[in-house]
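Asker: Listed below, chain by chain, are the residues.
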Amino acid sequence: MDWLTLGVLCVYLLINAVIGYAVWSRRRRLTNERTEDYYIGGRSLGSVALVFTILASLVSAGSFLGNPGVAYTVGWAWVLQSLAFVPSAIFLLGPLSKKFAIVSRKLGSVTVTDILRHRYDNPFLVVAAAVGMVVFLVAYMVAQFVGGARVIESITGLPYVWGVVIFGVMVAGYTAFGGFKADVITDVFQGLVMLAGSFLLWFAVLSVASWSEVTEEVRRTSPDMMTLPGPGDVTIPFLTSMFIVFGIGSAVLPHIAVRAMSYRETQAMHNAMIWGPMIGYVFGVGFAALGVFAHVLVPNLSSGDLAIPTLILDVLPGWMAGPLLAAPIAAIMSTVDSMILVVSAAIVKDLYHNYVDRAASDERLSKLGAGTSLVIGVVVMVAAFRPPELLTFLVIFAIGGLQVTLFWPVILGLYWKRANATGAVLSIVSGLASFLLLKSYLTAWTLGMDPLVISLVVSGVAFVAGSYATRPPSRSVIAKFWGTNREVQTVLVQEGSLR
Amino acid sequence: MKRPDAEWPLTDIEEDPRYAQCNREMIASILYWLSYGAAVIGTAALLGYGRSATEIGYVFGIPSWMFWGAVVGLFFCAVVPTLLIKTVFANFSVAADPEAPDTLLRSDEGQV
Numbered sequence: 001m002d003w004l005t006l007g008v009l010c011v012y013l014l015i016n017a018v019i020g021y022a023v024w025s026r027r028r029r030l031t032n033e034r035t036e037d038y039y040i041g042g043r044s045l046g047s048v049a050l051v052f053t054i055l056a057s058l059v060s061a062g063s064f065l066g067n068p069g070v071a072y073t074v075g076w077a078w079v080l081q082s083l084a085f086v087p088s089a090i091f092l093l094g095p096l097s098k099k100f101a102i103v104s105r106k107l108g109s110v111t112v113t114d115i116l117r118h119r120y121d122n123p124f125l126v127v128a129a130a131v132g133m134v135v136f137l138v139a140y141m142v143a144q145f146v147g148g149a150r151v152i153e154s155i156t157g158l159p160y161v162w163g164v165v166i167f168g169v170m171v172a173g174y175t176a177f178g179g180f181k182a183d184v185i186t187d188v189f190q191g192l193v194m195l196a197g198s199f200l201l202w203f204a205v206l207s208v209a210s211w212s213e214v215t216e217e218v219r220r221t222s223p224d225m226m227t228l229p230g231p232g233d234v235t236i237p238f239l240t241s242m243f244i245v246f247g248i249g250s251a252v253l254p255h256i257a258v259r260a261m262s263y264r265e266t267q268a269m270h271n272a273m274i275w276g277p278m279i280g281y282v283f284g285v286g287f288a289a290l291g292v293f294a295h296v297l298v299p300n301l302s303s304g305d306l307a308i309p310t311l312i313l314d315v316l317p318g319w320m321a322g323p324l325l326a327a328p329i330a331a332i333m334s335t336v337d338s339m340i341l342v343v344s345a346a347i348v349k350d351l352y353h354n355y356v357d358r359a360a361s362d363e364r365l366s367k368l369g370a371g372t373s374l375v376i377g378v379v380v381m382v383a384a385f386r387p388p389e390l391l392t393f394l395v396i397f398a399i400g401g402l403q404v405t406l407f408w409p410v411i412l413g414l415y416w417k418r419a420n421a422t423g424a425v426l427s428i429v430s431g432l433a434s435f436l437l438l439k440s441y442l443t444a445w446t447l448g449m450d451p452l453v454i455s456l457v458v459s460g461v462a463f464v465a466g467s468y469a470t471r472p473p474s475r476s477v478i479a480k481f482w483g484t485n486r487e488v489q490t491v492l493v494q495e496g497s498l499r
Numbered sequence: 001m002k003r004p005d006a007e008w009p010l011t012d013i014e015e016d017p018r019y020a021q022c023n024r025e026m027i028a029s030i031l032y033w034l035s036y037g038a039a040v041i042g043t044a045a046l047l048g049y050g051r052s053a054t055e056i057g058y059v060f061g062i063p064s065w066m067f068w069g070a071v072v073g074l075f076f077c078a079v080v081p082t083l084l085i086k087t088v089f090a091n092f093s094v095a096a097d098p099e100a101p102d103t104l105l106r107s108d109e110g111q112v
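Chains as they are written, first to last, in the working numbering: chain A, 1 to 499; chain B, 1 to 112.
Extracted from the complex, chain A is given alone in its bound form (with noise of 0.2 Å):
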């Protein structure tokens, strides 16, 4: 058991219990404390916070293991292709723009899904979004722990069932206790962290291994790692559907979508554009082409995933690898935070206040969605320990299914007035039932591109013919995606003297 690597990993994990604790206290003391503050914090983050936010949650275990552990047998067609996530910032803040923060603000919408209820006014497309939600995020979570939670192991030695219990208090215990907040300010912390590590790393790669003498080595030993489609098959058509699925396709994921509607003002959003993609570049080309050196400074590892955490603890003295061991751990824990805080918003929020209880004040709704994130955080953490069979198959299917279901009826909903409800259920139902089909059996129709392109090309043709086959949006419907405050605020008074 390596004791000063895992002693420093305390001292990390220890920082963000007691930015969590910290932020529990004066949230504690708060009377009146909104579902906008504990689930999107106020709507009040500036630059910082925003880009190393939306960074953090979207870096997770993928990023920083399973990118350059396949970089670490494919070579440098997988750095290329890690190009395609790497300017999410702009990915996510440009499409959804400042409409999809000033209409949040004014429906007093603090989910994805609850944005989806107002423009099409359809129970089962918002059942089906926050039960889909629920479902695959704690997949991905799960997933999310046990990876770390071996990556541990395997690089300290602590048993398995530990690091999955560490991952669980402390993640479920600051997101549960702090909310939004703490789970920013974490990610602030977790973001300098991975962006610190990756620069300390290649400093350290680069001063006991020559640049030259690296790269010689592998197009010596290698040289199919350097050519282009190469032994990963990173075709063209790939390669699109990489740009598409990691690219543009991040956007309405909720955990990642949820940061647009929470910036403060226009500049923060503007200077996350600008700086977001420079930082991405470094946690994306930077690790995956640290895979590529992996494969001549640490050869012959029996998994991938391990090239990153191998290369750490063989190149670095151990009270470095300890704070660069934290990056990877870092990365999944920023991601698991904010998918607690979606599925616990989708729970309360959207299923709950909607057909449970409409009566339910804002104020107990709060309270309630605190204890339903540690709630799902000890769910997560037991299923980790002993993960079901069906997780892998969730897992697959997860962000893909995320993203077939959310995309058009998000992007399509802001800006279309025709769009309607039958358009909108039309394309879940069709890019589900493709995506499931391409991804499971129909894989040759794919075209050589990830299923979730064809998916979507099929639930967009489904949501276009669907919304003109049928009637119009309402007035009320218009009026709240385009129209001024006082048209909005009008049918709200409407809708609630309704009920």
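Heads up, some of the hints might be wrong.
Stated by the list, open to error - Going by beta-carbon spacing under 10 Å, a handful of chain B positions derived as facing chain A:
#1 GLN21
#2 PHE89
#3 ALA90
Just so you know, the hints here were simulated from the structure itself, not pulled from any lab data. Glycine included, C-beta positions come from ideal geometry on N, C-alpha and C.
Given the coordinates of chain A, work out where chain B should sit on it, guided by the hints.
Answerer: Frame of chain A, contents of chain B only:
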């Protein structure tokens, strides 16, 4: 709440003037995404697609298609966003009502 279809498109709703600018920014972002993808993939494809390790050029030890793809990508990440913000994007209040930014969204609780 519902009106007969004959009245589509509705013209009597007072529209928020900020949305027109939001549309422009949305379109600019989509165009950014499209040109980013085309530039990165196009550069790499032109320089190295389908060629073996001996047929391609190398810059600083890495394949030229990768190097230039990374450079083009970096340009789109370090230079283009600032240009985009300066030329297309505008600063304005995102409050529900830009005239009264400090009001609560709803005065009643538990409704809507």
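Asker: Take the hints in turn and mark each one as holding or not.
Answerer: A quick look at each hint next to the structure:
1. GLN21: 8 Å, holds
2. PHE89: Holds. Min distance 6 Å.
3. ALA90: 8 Å, holds
Hint compliance for this structure: no hint is broken.
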